[in-house]
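*Asks:* First residue of the sequence shown: 142, per the working numbering; consecutive thereafter.
What the hints contain is simulated information worked out from the structure, not anything from laboratory work. For every residue, glycine included, the Cβ atom is placed at its ideal position computed from N, Cα and C. Hints are supplied without guarantee of correctness; some may be wrong.
In silico DSS-like links for lysine-lysine, alpha-carbon gap of 25 Å or less [claimed, not checked]:
#	residue 1	residue 2
1	K150	K162
2	K146	K183
3	K150	K218
4	K219	K183
5	K218	K206
6	K218	K146
7	K150	K219
8	K153	K218
9	K219	K153
10	K218	K183
11	K219	K146
12	K162	K146
13	K219	K206
Derived CB-CB ranges, DEER-like [what the hints assert, rightly or not]:
#	residue 1	residue 2	range
14	L147	P209	23 to 33 Å
15	K162	G185	36 to 46 Å
16	T224	S204	19 to 29 Å
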Amino acid sequence: MALEKLTIKAEKSNPGDFADKIEVLFNPSDITMTIPGGKMDKYGLVATEDLTTLSLNLFFDTSLKSYPPENVQNYTKKIVSLT
142 MALEKLTIKA EKSNPGDFAD KIEVLFNPSD ITMTIPGGKM DKYGLVATED
192 LTTLSLNLFF DTSLKSYPPE NVQNYTKKIV SLT
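Please construct the entire structure, taking both the sequences and the accompanying hints into account.
*Replies:* The structure is reproduced here in structure tokens:
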């Protein structure tokens, strides 16, 4: 499993205004996208009334940033607040 860096930037209420960035690790080969129903047109666009789901596992390594390691919940709370 080769982990890659990923930076997540959540857009605030104003377009182009981004919140603090959240840096995580992830495995690009584990990303899945589920598109329920719908039909693909000649441009590769899918028309559906259901929600599309993007799934990936995030890894948080707090051991490299400081000693003693910071509580990982300080990072995971930022992700939860995006939902």
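*Asks:* Each hint needs a verdict: does it hold in this structure or not?
*Replies:* These are the hints, each one checked on the structure:
{"no.": "1", "hint": "K150 / K162", "in the structure": "holds, 5 Å"}
{"no.": "2", "hint": "K146 / K183", "in the structure": "violated, 34 Å"}
{"no.": "3", "hint": "K150 / K218", "in the structure": "holds, 14 Å"}
{"no.": "4", "hint": "K219 / K183", "in the structure": "violated, 39 Å"}
{"no.": "5", "hint": "K218 / K206", "in the structure": "holds, 18 Å"}
{"no.": "6", "hint": "K218 / K146", "in the structure": "holds, 19 Å"}
{"no.": "7", "hint": "K150 / K219", "in the structure": "holds, 11 Å"}
{"no.": "8", "hint": "K153 / K218", "in the structure": "holds, 17 Å"}
{"no.": "9", "hint": "K219 / K153", "in the structure": "holds, 14 Å"}
{"no.": "10", "hint": "K218 / K183", "in the structure": "violated, 41 Å"}
{"no.": "11", "hint": "K219 / K146", "in the structure": "holds, 17 Å"}
{"no.": "12", "hint": "K162 / K146", "in the structure": "holds, 12 Å"}
{"no.": "13", "hint": "K219 / K206", "in the structure": "holds, 17 Å"}
{"no.": "14", "hint": "L147 / P209: 23 to 33 Å", "in the structure": "holds, 25 Å"}
{"no.": "15", "hint": "K162 / G185: 36 to 46 Å", "in the structure": "violated, 30 Å"}
{"no.": "16", "hint": "T224 / S204: 19 to 29 Å", "in the structure": "holds, 26 Å"}
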